[in-house]
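Chemist: If you read the protein sequences in the order shown, they are chains U and F.
Residue numbers for the first sequence follow our numbering, so the first one is 1 and each next one is one higher.
Residue numbers for the second sequence follow our numbering, so the first one is 245 and each next one is one higher.
Do not take every clue at face value.
A few chain F residues facing chain U, derived, Cβ under 7 Å [what the hints assert, rightly or not]: (1) Arg264; (2) Ala407; (3) Leu409; (4) Leu413; (5) Leu454; (6) Ala458.
From the derived model, a few chain U residues whose C-beta atoms are all more than 12 Å from chain F [unchecked claim]: (7) Ser9; (8) Leu21; (9) Trp26; (10) Ala35; (11) Asp47; (12) Gly51; (13) Trp122; (14) His146; (15) Leu162; (16) Tyr174; (17) Trp180; (18) Leu229; (19) Ala235.
It should be emphasised that the hints constitute simulated quantities derived from the structure, not laboratory data.
Built from N, CA and C at the ideal position, the CB exists for glycine as well.
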Amino acid sequence: MSFNWFRFSSPQTFYPLAGRLAPFFWIASVALTVAGLYIGFFVAPTDFQQGDSYRIIFIHVPAAWMSMFIYVVMAGWAAMGLIFNTRLSSMMANALAPTGALMTAIALWTGALWGRPTWGTWWVWDARLTSELILLFLYVGFMALHASIDDPRRADKAAAILAIVGVVNVPIIYFSVKWWNTLHQGSSVSLTRAPSMASTMLLGMLVMVFAFWAYSIATALTRVRGIILERERHAAWVAQLGTE
Amino acid sequence: MTDALRSVFLRDVLQAWRRRADWLTTFFFFIIVVSLFPLGVGPEPSILRVIAPGILWVAALLASMLALPRVFASDYADGTLEQLTLAPQPLSLLVLSKILAHWLLTGLPLVVMGPVLGLQFGMPPDMLPVLFYSLLLGTPCLSLIGAIGAGLTLGVRGSGVVALLVLPLYIPVLIFGAGAVEAVGVGTAPGGHLSLLGAVLMISLVVSPLASAAAVRVALE
Chain U
1 MSFNWFRFSS PQTFYPLAGR LAPFFWIASV ALTVAGLYIG FFVAPTDFQQ
51 GDSYRIIFIH VPAAWMSMFI YVVMAGWAAM GLIFNTRLSS MMANALAPTG
101 ALMTAIALWT GALWGRPTWG TWWVWDARLT SELILLFLYV GFMALHASID
151 DPRRADKAAA ILAIVGVVNV PIIYFSVKWW NTLHQGSSVS LTRAPSMAST
201 MLLGMLVMVF AFWAYSIATA LTRVRGIILE RERHAAWVAQ LGTE
Chain F
245 MTDALRSVFL RDVLQAWRRR ADWLTTFFFF IIVVSLFPLG VGPEPSILRV
295 IAPGILWVAA LLASMLALPR VFASDYADGT LEQLTLAPQP LSLLVLSKIL
345 AHWLLTGLPL VVMGPVLGLQ FGMPPDMLPV LFYSLLLGTP CLSLIGAIGA
395 GLTLGVRGSG VVALLVLPLY IPVLIFGAGA VEAVGVGTAP GGHLSLLGAV
445 LMISLVVSPL ASAAAVRVAL E
């Protein structure tokens with residue numbers, strides 16, 4: 001008996017699979033968030049330098065990681081859709097974009113909230129902050145281009161080219177911003193935290209990272225189901241769903 | 245093949261030359277945007293001298309973006325672009341000729357005008373050649389990167405999308421271009437920035453024709 005690796009590459013077979021998987025990731029994300037926030041707020045000790053305001057890292061750091069990671073995954077799906085001409089890959093890329101943009105926005109927003117008590121300012125033109133802001137622009141560009149083309153397949157391909165160009169550009173942008181920042185020797189504040197971190201802090205952060213992973217997967221699966229229904233609404237199997 | 249590339253190049257230059265208003269718009273847009281800043285910031289020469297490299301470069305970015313629809317739009321509308329995709333020559337090279345023609349008429353005027361506007365801002369004489377070279381290396385990058393966005397937005401609803409796509413990708417050019425000029429201002433050598441700008445130009449020369457051609461093909465499907 002051979003296993004067909006491409007069984008779930010068609011929207012028709014993936015739709016029920018996503019429906020079965022999504023609840024697990026939703027439950028996992030809620031459970032891990034509750035556990036992670038409990039550790040973060042009640043178990044982890046107060047930082048001797050930053051006080052309690054450091055606790056925002058339990059949301060900030062996972063969001064920042066996910067924001068960068070999701071862009072690469074999204075571009076990977078988009079490239080796959082462009083190369084193999086698989087509809088589902090492009091739909092996955094499309095389903096990931098809003099979550100990635102949300103993570104970027106959360107990372108920027110929580111960063112500002114953390115910067116105010118710690119640095120005394122909402123925003124500094126630091127290399128990391130600036131490149132995170134540019135990442136948000138890249139997400140917005142991807143979604144705007146997709147939304148402005150009526151034909152979904154054409155929109156998929158155009159957005160895929162943009163995502164690939166974006167991935168090539170991300171390291172260039174990152175290093176240019178970094179060098180730009182050192183040239184200007186702008187902020188005197190340093191983002192590098194104390195070298196040693198209490199193990200409960202690290203544990204809380206890791207749990208939150210997994211919570212954000214689960215949340216991102218859950219939203220992507222739920223959203224891709226919506227996209228599949230919308231795009232395949234003329235297919236016979238979708239019509240059957242309504243009668244069941 | 246060189247014949248085909250040359251004829252595409254000459255045809256685009258000739259067409260653009262006959263519709264002078266198009267590229268003169270870009271040119272004057274550049275001058276107007278630059279002139280708006282002293283009116284907004286105030287006429288204090290010491291402030292203007294500091295912010296001049298950034299203003300000139302941001303204005304160059306905006307002007308180059310404004311000109312982008314002209315790379316492909318009219319050829320897309322009258323079917324010429326479709327004929328080009330059927331040509332035996334690689335589409336990416338034909339697209340490269342179009343981009344070069346586009347740069348000649350929209351980018352080169354900015355390179356020439358940049359140092360003149362720099363004088364208006366009281367730039368010291370040793371800054372002006374660096375500004376010239378940074379624009380000479382940087383504006384082709386803008387045309388090349390912008391052509392990808394122009395290809396992707398062919399025939400889409402709303403004209404503002406191209407700005408969202410292209411401006412974030414322009415950021416490295418802005419940083420290295422303005423950085424080279426500012427380096428002179430703070431008394432360091434601008435060579436590093438100019439070299440990086442040259443590196444960006446080399447990368448875009450390789451990547452952009454391929455990506456733009458792919459974008460054009462998607463648009464023509």
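Chemist: Against each hint, give a clear statement of whether it holds in the structure.
Modeler: Do the hints match the structure? See the list:
no., hint, verdict
1, Arg264, "30 Å, violated"
2, Ala407, "9 Å, violated"
3, Leu409, "5 Å, holds"
4, Leu413, "5 Å, holds"
5, Leu454, "10 Å, violated"
6, Ala458, "5 Å, holds"
7, Ser9, "22 Å, holds"
8, Leu21, "32 Å, holds"
9, Trp26, "32 Å, holds"
10, Ala35, "37 Å, holds"
11, Asp47, "34 Å, holds"
12, Gly51, "35 Å, holds"
13, Trp122, "22 Å, holds"
14, His146, "10 Å, violated"
15, Leu162, "6 Å, violated"
16, Tyr174, "9 Å, violated"
17, Trp180, "4 Å, violated"
18, Leu229, "24 Å, holds"
19, Ala235, "21 Å, holds"
When the structure is compared with the earlier hints, violations turn up for hints 1, 2, 5, 14, 15, 16, 17 and for no others.
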